[in-house]
Amino acid sequence: MTRYFTADHEWIAVEGDTATVGITDYAQGQLGDITFVELPAEGAVLTKGDSASVVDSVKAASDVYAPVSGTVSALNTALEDAPELVNSAPEGEGWLWKMTLSDAAQLDGLMDEAAYAAHVAEL
Amino acid sequence: MRYLPLSEHDRGEMLAAVGVPDVGALFVDVPEAARLSGPIAGLPGHASEMAVERHMARLSAQSLTAGEVPFFLGAGAYRHHVPASVDHLIQRGEFLTAYTPYQPEIAQGTLQVLFEFQTQVARLFGTDVANASLYDGSTACWEAIAMAGRITRRNRAVLSGGLHPHYVGTAQTMARFTGDRLVTALPTLGAHADEDALIAAIDGETSCVLVQYPDVLGRVPDLARVAAAAQAKGALLVAVVTEPVALGLIESPGALGADIVVGEGQSLGVGLQFGGPYLGLFGCREKYVRQMPGRLCGETVDADGQRSFVLTLSTREQHIRREKATSNICTNSGLCALAFSIHMSLLGGEGLARMARASHLRAVQTAQALTRVPGVALVNETYVNEFAVTLPRPAADVVEALAQRRVLGGVALSRLLPGASDLANVLLVATSELTTDEDIATLVATLGEVLA
Amino acid sequence: MTALNPSGWRPEMGDAACAPEGAGATFTGNRALHLEEPLLFEIGRADHCGVDFDEVAGSPLAGLALRAAPVDLPGLSEPEAVRHYTRLSRQNYAIDLGLFPLGSCTMKHNPRLDEKVARMPGFADVHPLAPEGTVQGALKVIDELAHWLVELTGMASVAMTPKAGAHGELCGLLAIRAALDARGDKREVILVPESAHGTNPATAAFAGFKVEAIPATAAGRVDTAALIARLGPNVAGVMITNPNTCGLFESDLKTIADAVHAAGGYVYCDGANFNAIVGRVRPGDLGVDAMHINLHKTFSTPHGGGGPGAGPVVLSEALAPFAPLPFVKPGTDGVLHLIEEAQGAEMAPGAFGRMCAFHGQMGMFTRALAYILSHGADGLAQASGDAVLNANYVLRRLEHVLHAPFGATGPCMHEALFSDDGFAEGFSTLDLAKGLIDEGFHPMTVYFPLVVHGAMLVEPTETESKAGLDQFIAAMESLGQRARAGDAALKSAPHFAPRRRVDETRAARKPRLIWTPTEG
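Residue numbers (this note's numbering), protein chains in the order written: chain A, 1 to 123; chain B, 1001 to 1452; chain C, 2001 to 2520.
Calculated from the structure, these hints are not laboratory results.
Be aware that a few hints might be false.
Said to hold, decoys possible - Straight-line C-alpha distance at most 27 Å; calculated DSS-like pairs for lysine-lysine: (1) C:Lys2140 - C:Lys2116; (2) A:Lys98 - A:Lys48; (3) C:Lys2254 - C:Lys2186; (4) B:Lys1233 - A:Lys98; (5) A:Lys59 - B:Lys1287; (6) A:Lys48 - C:Lys2116; (7) A:Lys98 - C:Lys2510; (8) A:Lys59 - C:Lys2186; (9) B:Lys1287 - C:Lys2510; (10) C:Lys2510 - A:Lys59; (11) A:Lys59 - C:Lys2116; (12) C:Lys2329 - C:Lys2140.
Unchecked claim - Derived coverage of chain B by chain C (criterion: at least 3 residues anywhere in the stretch with Cβ under 8 Å from a Cβ of chain C; other residues may be distant): (13) 1150-1157; (14) 1200-1212; (15) 1223-1236; (16) 1263-1273; (17) 1353-1362.
Claimed, not checked - Negatives, chain C to chain B, calculated, CB over 10 Å: (18) Gly2050; (19) Pro2111; (20) His2167; (21) Glu2188; (22) Ala2218; (23) Thr2224; (24) Gly2279; (25) Asp2285; (26) Gly2309; (27) Ala2310; (28) Pro2494; (29) Pro2511.
Glycine included, C-beta positions come from ideal geometry on N, C-alpha and C.
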C-alpha cells in the first residue's frame, strides 16, 4: 500500500487499482471539530480536482477534492454517526471514500510523505 | 434632534480627539463631485413627533379598515383575534430591539423562543423538524421546490391548480433563473380539488408535487392519495398551508404523507398589515434536515453543563457556503415568529381547535346564507374557513360595488388570475371567529342589493 | 447617622455583610432578578388556554374529515404566558439595553413613534387584496417612502417588494439578468470583491452567474485596475459594497462604474452601509444601477431578534423597466394604483415577474417613513455625519491598543476595523469578544470581513451619546490590553452572562431541533 498526498491536504492510499482517500491530520487540525461529512454517491465518476466531498465544522465547510480520477466504490458510512473519527483518526478509521482508479499515471504528480511534510512545514 | 444624542460641545471635543477641524474632513475619500453641498433640495426638513404623528394619522384615516366593516377577505391573508398580550410582549425592548442570536450567551431569550417555535410548527404541520421561519409562505414555497430538486436531483416540479397564484408567480420568477421546469394548471371549479389531474402529471422526472391544503378555493385535497402517487414515482409531496388555523380542525399534512410542509403563519399573531411583514413556515422529514434553508435553532449545553440553545447547522447558509449555500436567505421573520409562538402558546392545541371550529362554523353559516341569494352558488363540497361561490356577474365588479357600500365581501379570483375568463365570476369568501351574525346579515343584504 | 440606611451596607460594616462562602448557588438556580425559565412544553398543559372564544351555533360540515385529536401542543393562561415571555426577554441583550457595536448591522435606536405609527389601523388592519379605493392611505405610505428613497439615492425608481436585504440583492441581480436577456446578451460573470459579504456571491450564483473574486489593495479598497482589466463581453457586472466591508469609501466607484458601463455591464451596489452617507452622497451620482437599502439598518426598523427586514431596491433608468411586479403608480386622476399582473403586461412589459406574494413589507414601510419624516433631509445628513464621527472617535481612541489595519490610510466611514495583530499567542478575537460580554456590551462583528485576520468591525451608529462611547472605549481598552497580555480569564469568558460558552460542536453533530418528551 503506497500513500500519496496533495497540496490541498488529501491523502490517497493505493493498492493495485483501488485507492482509499481521506484528509490529513494537518487538515483536521485546521478545521476544528468536524460536525458532518457529505460523501460522494457510490458509483460516482470523479475527475481529478473535482470537489467530491464536503467536510463541515461548526463555522466552515471545506471541499475535499478528488486527488485522481476514478469511480467511487465504497463510502465510510461510520462517519454518519461519528464524524469525529475524521478528527481522531484522519489517516486511518476516518477515511472518506474508496475508488477504483481510471488513470494510475496521475499518481506520479502527487507528493510522497516527505514532500508533504515539507509542504506543511512551509505553511 | 430627539434621536441624536451628540451636542455641539460633544462634537467639538470628539473632532479634537480625532484631529480634524470638522465632520466634512471625515468624508475626504468621497470624490468632490459626489459630495452634496447641503441637505438634498426638495425634501422637507426634520419634524417633531407631533407633526409626524399627525401626518401619518391623516394617511391612516384614508383607508377603510377591516375592523370597521363586515370583512370576508382571505386568499392567503386572514383576520383572526390576536390576544392583547401578544402585542405587548413583542414590544418588550429585549425582544423588539435584539439582533440575530449569534452570541448565544446573551441571546437565550430569542433562542429559546425559536426552539419552542420550531417545535410548535413541527407539531402543527406533523413534520419531524421545522426551521426558525422564512420571509413568507410564497418564498417558503419556492424554497421547498429548490430543496426537493437538491434531494431528488430532478428539476421538474408539478404545482397543483389549487396553489395560490402569487405563490405560483413567485416560483415561476425564480424558476426562470434556475432552469427548473414548473408544470402548472389553473384551478378547476369542481366541488373537490382535482387530484386525478395532478396525479396524472407526475412522472419519473418529477422532483416534487405541490398541493395547497386547503386550496385557494378552500377545498381540502386528499393529501394521502397524492403522497402515495408521488412517492411511487420517487417524487416528494410538498403541502402548502396558507391558513394554519385550519389545521386546528383537519389533519396535519405530515401525518398524511407530506415530505415537506410549508406555509404562511400570518393568521396567528401577526395581523393583516396590508401584506407584510409575514411569516414563512417550513417543516420536513428528519432525514432532509441538512438540505433545509433558513436558520435552525438547536439544543446543547454550556460550559457549566446548563441546557442552552444555539443557532446550528450554519454551514448550509450563505455567509459560510457563499456560492454553494442552500439559499441566499439571511434573515428569518424573528419578531413575527415570536408573535406566532406567543399566540400559539396562549391557545395550545385545544384552543386552536376551538378557534378553528368557530371559524369553520361561521363559514358554514355564511355559505348557507349566501346561497340563499339568487344567482349565488357554492363551489365547494367541503371547506374549513374559506370557500368559493360563483356569482351571476364578474366578481371583481361585485367586490367594488360592495366596497362602495362599506362591505368588504371577499376576494375576486380574477384579482389573482386576471387572464382566466371562466373564473371571472368566482368570489373567495373567508370567515373567522371574529365574524358576527351582523356581518353575515349585512353581507347577504348588501350582496342582494348589488346583484338585483 | 445610624438611623439613615438602616438595612443597607456601610463601609464600617467591613466584610460582615458580604456573602458567605459558596453563596453562588441557590435552591431554584435563580439569582435574584436573573430567573431561569423552563420550556413551554415543560410548564404548559393541554388543558390550559389563555384565549376565550364566543360560542358559535351550528355543527361542522358533515363531509369534512376532522382530525382525530387536537394538535399536541400545550397552552398557557395569560398570566403564565406573560411570565414565561417576560422572563425569556430578560435573557437577551438589546439596543434598548446598551451599545450594540455590530459592524454593518447599523444597530441604531428604534424610535417608539415608529411602533405607534405602524399600528395605526389604516395601515395595520387592512388586507393586501382589499379594493384599491379603500386603501389609498396605505398606498400613499408606500408612494411617499418610495419618493424619499429615490430622492435620497438620486436614482430613477425603486422596487419596494423585496422582503430583506438578501432578497433585495436577488431583485437587483434578476433585474440585471432580465436586462441582459432583453438585449439577447448572454454574459455569465459577475465580479465581486473578495471582502464582500457572503450573500453577494450566493445571490449571484442563484441568479445563474459565475462569480469571480477581485482582490483588495493594501489600502483596503477593491483593486480598481484588476477589476477594470477583467471587464469584457462576458462580464455582466460588478457587485460592490460602498462604503465597503472594511468601513472605507470606495473612492474609485464612479471610475469603475463608467468602465463597467462602457463594457456593457451593470453596477450592483450593496447598500448595507448606506448609513455612512445618507443625505450626503447619492449612489446614483456614482453610476450605480441598482442598490438595495436595508430599512432595518439605515432606516431604523427594529431587528426583532433576527427579522423581519425589508430590502427595497433603487434602480437606474437602465434597469427601471425590469423592476418586478407589483408596484404602486399614481394614476392621472391622483388615485394610487397597485399594478399587478392584470395591468402589468401593458404598463410594465419588462418586469421580470413577482418575487413574493402581495406587495411589500408594509409594517416596515410605515416605520421607515416615520423615521425619515422625523429626521428630514437635514436630520438624515446630521445622522450620517454623527455616525461617521462616532466611528472615527472610536478608531482614534483605540488604535493605540488595537491594531487598525487601515488606520493610517485616512478616516474610516461609519465603522472602524481592527485586527488581532499584537494579541498574545493563543489569544483570539473571539476571546476578546466574549470578554466584552462580561463588560455589559454585545460583541462587535467578528471574523468579518475575511480579508483581515481576526477582524473586529465596530459600528457605534449616531444614536450613541459621547458618554456611552467613552464607556465602551474604556472597556475595549481594558480588553485590548488583556488580550495583548494574554489574560487567561478571557479564554473562559463570559463569566457573568446567563450562559457560558456553549458547545456548538454538539449542537451540529447531533442536532436536537425540537423538544421531545424524553427530555429530562
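Hint-by-hint comparison with the structure:
no.: 1; hint: C:Lys2140 - C:Lys2116; in the structure: holds (18 Å)
no.: 2; hint: A:Lys98 - A:Lys48; in the structure: holds (14 Å)
no.: 3; hint: C:Lys2254 - C:Lys2186; in the structure: holds (25 Å)
no.: 4; hint: B:Lys1233 - A:Lys98; in the structure: violated (31 Å)
no.: 5; hint: A:Lys59 - B:Lys1287; in the structure: holds (22 Å)
no.: 6; hint: A:Lys48 - C:Lys2116; in the structure: violated (61 Å)
no.: 7; hint: A:Lys98 - C:Lys2510; in the structure: holds (26 Å)
no.: 8; hint: A:Lys59 - C:Lys2186; in the structure: violated (36 Å)
no.: 9; hint: B:Lys1287 - C:Lys2510; in the structure: holds (13 Å)
no.: 10; hint: C:Lys2510 - A:Lys59; in the structure: holds (16 Å)
no.: 11; hint: A:Lys59 - C:Lys2116; in the structure: violated (40 Å)
no.: 12; hint: C:Lys2329 - C:Lys2140; in the structure: holds (10 Å)
no.: 13; hint: 1150-1157; in the structure: violated (count 0)
no.: 14; hint: 1200-1212; in the structure: violated (count 0)
no.: 15; hint: 1223-1236; in the structure: violated (count 0)
no.: 16; hint: 1263-1273; in the structure: holds (count 4)
no.: 17; hint: 1353-1362; in the structure: holds (count 8)
no.: 18; hint: Gly2050; in the structure: violated (4 Å)
no.: 19; hint: Pro2111; in the structure: violated (6 Å)
no.: 20; hint: His2167; in the structure: violated (7 Å)
no.: 21; hint: Glu2188; in the structure: holds (13 Å)
no.: 22; hint: Ala2218; in the structure: holds (15 Å)
no.: 23; hint: Thr2224; in the structure: holds (13 Å)
no.: 24; hint: Gly2279; in the structure: violated (6 Å)
no.: 25; hint: Asp2285; in the structure: violated (5 Å)
no.: 26; hint: Gly2309; in the structure: violated (5 Å)
no.: 27; hint: Ala2310; in the structure: violated (7 Å)
no.: 28; hint: Pro2494; in the structure: violated (5 Å)
no.: 29; hint: Pro2511; in the structure: violated (5 Å)
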